[in-house]
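The residues making up each chain are set out below.
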Amino acid sequence: MNLVVNGKETNINDGLTVSQLLVETNVRMPQMVSVEVNGQILRRSEYDQTILREDDKVEFLYFMGGGNVTD
Amino acid sequence: MKTDTLAIHGGFAGDDMSGATAVPIYQTVSYAHKTAQELAAVFEGGMPGYIYTRIANPTTTVLEARLAELEDGIACIATSSGMAAVASAVMGLVRAGDQIVAATGIFGGTVSLFENTLGRFGVKTTFVDAADAKNFKNAINARTKLVFVETIGNPRMDVPDIPAIAEIAHGANVPLVVDNTVTTPILFRPGRFGADIVVHSTSKFINGHGTAIGGAIIDTGNYDWRKGVFDDIREVSSRAGQLAFLFYLRNLIYRDLGGCPAPMNSFLMLQGLETLPGRMLKHCENAGRLAEFLQAHPKVSWVNYPGLEGSPFRARVDKLFGGLAGGLLTFGLGDKQKVFKFIDSLRLARNLANLGDAKTLVIHPGSTIFHEFSPDQQRAMGLTEDLVRVSVGIEDFEDLKADFEQAIQKSF
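Protein sequence lines, in the order shown, are assigned to chains A and B.
Residue numbers for the first sequence follow this note's numbering, beginning at 5 and rising by one.
Residue numbers for the second sequence follow this note's numbering, beginning at 357 and rising by one.
Warning: the hint list may mix true and false statements.
Under the rule of at most 27 angstroms between Cα atoms (straight-line distance), these lysine-lysine pairs were calculated in the DSSO-like manner [unchecked claim]:
1. B/K490 with B/K675
2. B/K583 with A/K61
3. A/K12 with B/K583
4. B/K715 with B/K697
5. B/K655 with B/K697
6. B/K583 with B/K675
Here are the simulated distance ranges between beta carbons [unchecked claim]:
7. B/T724 with A/N72: 39 to 47 angstroms
8. B/Y408 with A/N6: 35 to 43 angstroms
9. B/K390 with A/N72: 17 to 25 angstroms
10. B/G475 with A/E28: 30 to 38 angstroms
Read the hints as simulated data drawn from the structure, not as lab findings.
Just so you know, even glycine gets a beta-carbon here, dropped at the ideal spot from N, CA and C.
One chain only, chain A, in its complex shape:
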């Protein structure tokens, strides 16, 4: 099925959980990432249970610093 991950169309296997997506997409520093699905940040405890669906919009967000907020 197709998802939008960080703004890019991505094809993944059906039934993948957020935890599995973190592994599949080889996300950087997975222990530091916050995952937003369709505009809602998931609690870490929800990563294992949340099954992704067709057309979900997934954002991997980090807030360890970096990025300009004044432009």
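Given chain A's structure and the hints, the job is docking chain B onto it.
Here is chain B on its own, set in the frame of chain A:
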């Protein structure tokens, strides 16, 4: 995971490199990157990575993750003190000309920050009696940017109706900021009752041993920054989504004010969190028993503990805090002279300006932590000259009772 497990394991599954079970202390100022291009990408926010400990640190990251999980929030920023948490959170929300609506009788340091420091920059604060939620509604105007309350005010020991106040704040599309220091997420998770931002002084019950100063800001995820009244944070939300507020703080206000925790202190807070659930239950048990003992004592003029039968706040303690009223109480001994003699006569309880320690602590707030406020202000904060504040520790109750009994006898 349930609360007791999160307090021990939240945010940390062991150290892959060494197998260490305690969270490693990353006592470092900065973080080297392999290439100039990589560091540039981290600065631009295009790649995750640590830059500088004033902005983020791996030990502190674990503390932040654990606190966010315990508060059921979306993320957390840990700070160098509770005041740094309040200052960073509130300065992220207000500009000159804006208004804060806050509960009367909140911590004196917060009152001073709002009135004196932020007052110098053109921010006005209106203080209202938190016992009746309607007072907040009446005080909110077009310039209001936030509502601020504590879960249990001290020394008033009042418990605001947080769900009703949250509804009022949301009616005006402004966030409710709740200081959860004295209840901790063990007794109360403000986000579940409508609060938008939770702040803590982690120096108190979370640290639990009087060994480190710290604070924290947690976004509960309730306030929609994409539709909020804060233009600059709304703009950030296009890149940071629901994390917009904390992202904005991390990359501007918190970064610029420099109120980051020392890595060693983050470690001490993590140690404290591990035993917080057990300690909070014992604090509450001892405080309830001490309140009942003092209430029955013929030489004690009055006792104020929101868990006592007959307290006007007992119903809210049951509804919001699951019947656990915390470790703080106040009582009166008639006049200041007797209070001083009582404090001087205590053998176990320590006379100092802190709360939430495993040890029982007492203070005469009128002549110490509130000394800079006028008699009128002190009255509004619920202070009388005969008031003693007790932060009830987790010692054996019979030893505490004996210490209080002998000191009361000597004070008359």
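- Query: Does the alpha-carbon distance linking B/K583 and B/K675 stay inside the 27 angstroms limit?
  - Reply: 31 angstroms, violated
Requested in this report: Indicate whether the distance between the beta carbons of B/T724 and A/N72 respects the range 39 to 47 angstroms.
Outcome: The hint (39 to 47 angstroms, Cβ to Cβ) holds, given that B/T724 and A/N72 are roughly 44 angstroms apart.
* To do: With a cut-off of 27 angstroms on the C-alpha distance, tell me whether A/K12 and B/K583 pass.
  => 25 angstroms, holds
- State, for the Cβ atoms of B/Y408 and A/N6, whether the hinted interval 35 to 43 angstroms holds or is violated. 39 angstroms, holds
Query - Given hint B/K697 paired with B/K655 - CA-CA distance at most 27 angstroms - result: 14 angstroms, holds
Q. Are the Cα positions of B/K583 and A/K61 separated by 27 angstroms at most?
A. Answer holds: B/K583 to A/K61 is near 19 angstroms, not above 27 angstroms.
Do B/K390 and A/N72 keep their Cβ atoms within the hinted range of 17 to 25 angstroms? With Cβ atoms ~23 angstroms apart, the hint holds.
Please work out if B/K715 and B/K697 have their alpha carbons no farther apart than 27 angstroms. Holds. B/K715 to B/K697 sits at ~20 angstroms (cutoff 27 angstroms).
Given a hinted range of 30 to 38 angstroms, is it respected by the beta-carbon distance of B/G475 and A/E28? 53 angstroms, violated
request  = Decide if the proposed pair is consistent with the structure: B/K490 and B/K675, CA atoms, cutoff 27 angstroms inclusive.
outcome  = 19 angstroms, holds
Violated hints, in rising order: 6, 10; the structure is consistent with all others.
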